[in-house]
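**Q** Here is what each chain is made of, one letter per residue.
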Amino acid sequence: MPPELSLEDVSRIATLSRLALSVEERQLFSRQLAGILGYVEQLQPLDTTGVPPTSHPLALISPMREDEQRPSLGREDALREAPEPDPAAGLFKVPRVIGG
Amino acid sequence: MTRPRTASDIRRAVASGETSAVACCEAALERIAQSDARIQAFRAVDAPQALARAAELDRRHDELAHLPLLGVPVAIKDNICTRTLPTTAASRMLDGYVPPYDAAVVERLTAAGAVIVGKTNCDEFAMGSSTENSAYGVTRNPWDPERTPGGSSGGSAAAVAAGMVPLALGSDTGGSIRQPAALCGVVGLKPTYGRVSRYGLLAFASSLDQIGPIAGSVADVALAFDVLAGHDPRDATSVAQEHTPLAQEGPASVDGLRIGVPRSLIREGVEPGVLEAFERALTTLDACGAAISTIDLPHSRYGIAAYYLIATAEASSNLARYDGVRYGARAEGDDRTLAEMYDRTRGAGFGAEVKRRIMLGTYVLSAGYYEAYYLKAQQVRTLISRDYDAAFEQVDAVALPTSPTGAFRLGERTSDPVLMYLADVFTVGANLAGLPAITVPCGVTDGHLPVGLQLTGRKMDERTLVRLAGAYEQAGGWKGIGP
Chain A
14 MPPELSLEDV SRIATLSRLA LSVEERQLFS RQLAGILGYV EQLQPLDTTG VPPTSHPLAL
74 ISPMREDEQR PSLGREDALR EAPEPDPAAG LFKVPRVIGG
Chain B
185 MTRPRTASDI RRAVASGETS AVACCEAALE RIAQSDARIQ AFRAVDAPQA LARAAELDRR
245 HDELAHLPLL GVPVAIKDNI CTRTLPTTAA SRMLDGYVPP YDAAVVERLT AAGAVIVGKT
305 NCDEFAMGSS TENSAYGVTR NPWDPERTPG GSSGGSAAAV AAGMVPLALG SDTGGSIRQP
365 AALCGVVGLK PTYGRVSRYG LLAFASSLDQ IGPIAGSVAD VALAFDVLAG HDPRDATSVA
425 QEHTPLAQEG PASVDGLRIG VPRSLIREGV EPGVLEAFER ALTTLDACGA AISTIDLPHS
485 RYGIAAYYLI ATAEASSNLA RYDGVRYGAR AEGDDRTLAE MYDRTRGAGF GAEVKRRIML
545 GTYVLSAGYY EAYYLKAQQV RTLISRDYDA AFEQVDAVAL PTSPTGAFRL GERTSDPVLM
605 YLADVFTVGA NLAGLPAITV PCGVTDGHLP VGLQLTGRKM DERTLVRLAG AYEQAGGWKG
665 IGP
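Protein chains in written order, with this note's numbering: chain A, 14 to 113; chain B, 185 to 667.
Hint data in this document are derived by calculation from the structure and do not stem from the laboratory. For clarity, every value in this text was computed on a predicted model and none was experimentally measured. Just so you know, even glycine gets a beta-carbon here, dropped at the ideal spot from N, CA and C. Check each hint, because a few of them may be wrong.
Unchecked claim - Examples of chain A residues toward chain B, derived with CB under 8 angstroms:
(1) 36
(2) 43
(3) 46
(4) 52
(5) 58
(6) 76
(7) 104
Stated by the list, open to error - Quick look at which bits of chain B chain A covers, simulated, 3 or more residues with Cβ under 8 angstroms:
(8) 259-266
(9) 324-337
(10) 645-651
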């Protein structure tokens, strides 16, 4: 487990996270993230054999309901806060998705 | 300035006709106008709207006199959706964003007769322990303006501590209600996970987040809890629950209640003044009739590490929705592709701490690292929960100082993320295990900074916490003392 993160590691993680970082940010974060990962290393030696993971503090099963139509957010409300809405078409406009 | 009224007092006075909702609203707005330039607790205040709502309550007085929060001015943390006020989560990403719906808790407060006066400052997307991660400036601790109010619900805690409003909502993922409440000398409650609907709470970590009240007294916190708690089908993690109102509890005896102290956790790393106030509080509770004993929570020392793996992993998923498509800011520029737009929008919209946590979360969930980090943390989470289960076979509540230190100085920890994370060392356990926990003021340090006593209880047992905290408050003399 690396207590060190290279700038390439940070760039790769930034890409996965969809975050554009400046050079200074990449340097700062590589140092700081390494520090945090170093801190959490303390969990490694713990004996967790046979211990089930907890993803959730309650023993909940996904609640189900009848498949009945209910009122939901109207199109106008849904588009109102969008940076580039197309209200006539009822769409959100974005740059090219494929290619480029 | 006379001591501002508690929420309970205001409700009583408005219901009886002794005062009006408008008068109480005006008083709150005046105190905000007088204090907030200095403290900066609020992100948005809407006086005309609040006064209009108060006037409506007064007009319909006879019909509404029974409402449990009638005329009470309330502030809402800015990561909770309000249809009529911007909700920014203290992030540039949501600058000016007005949600198309109210959070469930906002609906409940309004239906209970409360008057929402504004939104409070917080750490960006609730990530932080000092409110210094707000993209819109810091909030100052009313006890010392050079110090932080704690975080992430620092604005809400400061607003109550400064007497601007008697009641405010915060959210708590790793301590974000309790730690600022303690550092500001007020009462804060994190309910059992699932007690209060998260519908309309901008999600940080879905298995840890809970909304809860911050107020100047245990009675007010209990009153607010009764309004907030309840099943909500719009939140799939909301639990069906029996709920006998807590606020009906008169001064109750705590004879026979057992309090456990995990002494191994406070042997080092706690400021002397905090430890002294904590020990005095235990003495008082003992004199009240509670039985104090030593217990062990052997895995709690790993809580911060487990928390910062789980919470950041969940955050990396929850914050993926902020992408400049449906809401929020989109970065200016000439993006050739969608991916470029995402990268630039998110790079510009998020602050440093948020980026750090998203990246850490992405990393620990990624192929090759998932087992060693995320899965391991979830297993440690199980061990921490089991420790509490074992403890609750012997005791009814676990006592610790809420924070290892009094309020720290602005800028003191901002360049060392891990140092900042350690502020939550005593609070994260309750989030990891899904347990309710309350903080109540129990003294001040030599430097005249507030200290909080934290009590953690069994799932769904807010009642025991309110009984113990209420009894302490009556006997301990820290009720209603302000900066």
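**Q** Do at least three Cβ atoms from the region 645-651 of chain B come closer than 8 angstroms to Cβ atoms of chain A?
**A** violated (count 0)
**Q** Examine the region 259-266 of chain B for residues whose CB is less than 8 angstroms from any CB of chain A, and state whether their number is three or more.
**A** violated (count 0)
**Q** Counting residues of the region 324-337 of chain B with a beta carbon closer than 8 angstroms to any beta carbon of chain A, are there 3 or more?
**A** violated (count 0)
**Q** Minimum Cβ distance from residue 76 (chain A) to chain B below 8 angstroms?
**A** holds (6 angstroms)
**Q** Taking 8 angstroms as the limit, does the beta-carbon of residue 104 (chain A) come near enough to a beta-carbon in chain B?
**A** Since the shortest Cβ distance to chain B is 10 angstroms, the answer is violated.
**Q** Double-check residue 52 (chain A) for me: the hint is only fine if its C-beta lies closer than 8 angstroms to a C-beta in chain B.
**A** holds (5 angstroms)
**Q** Double-check residue 36 (chain A) for me: the hint is only fine if its C-beta lies closer than 8 angstroms to a C-beta in chain B.
**A** violated (12 angstroms)
**Q** Does the interface hint hold: is residue 58 (chain A) within less than 8 angstroms of chain B, judged Cβ to Cβ?
**A** violated (10 angstroms)
**Q** Given residue 46 (chain A) as an interface hint, is the shortest Cβ-Cβ distance to chain B below 8 angstroms?
**A** holds (6 angstroms)
**Q** Identify whether the interface hint at residue 43 (chain A) stands, where standing means a beta carbon of chain B within less than 8 angstroms of its own.
**A** violated (10 angstroms)
Of the numbered hints stated above, those contradicted by the structure are hints 1, 2, 5, 7, 8, 9, 10, listed in ascending order.
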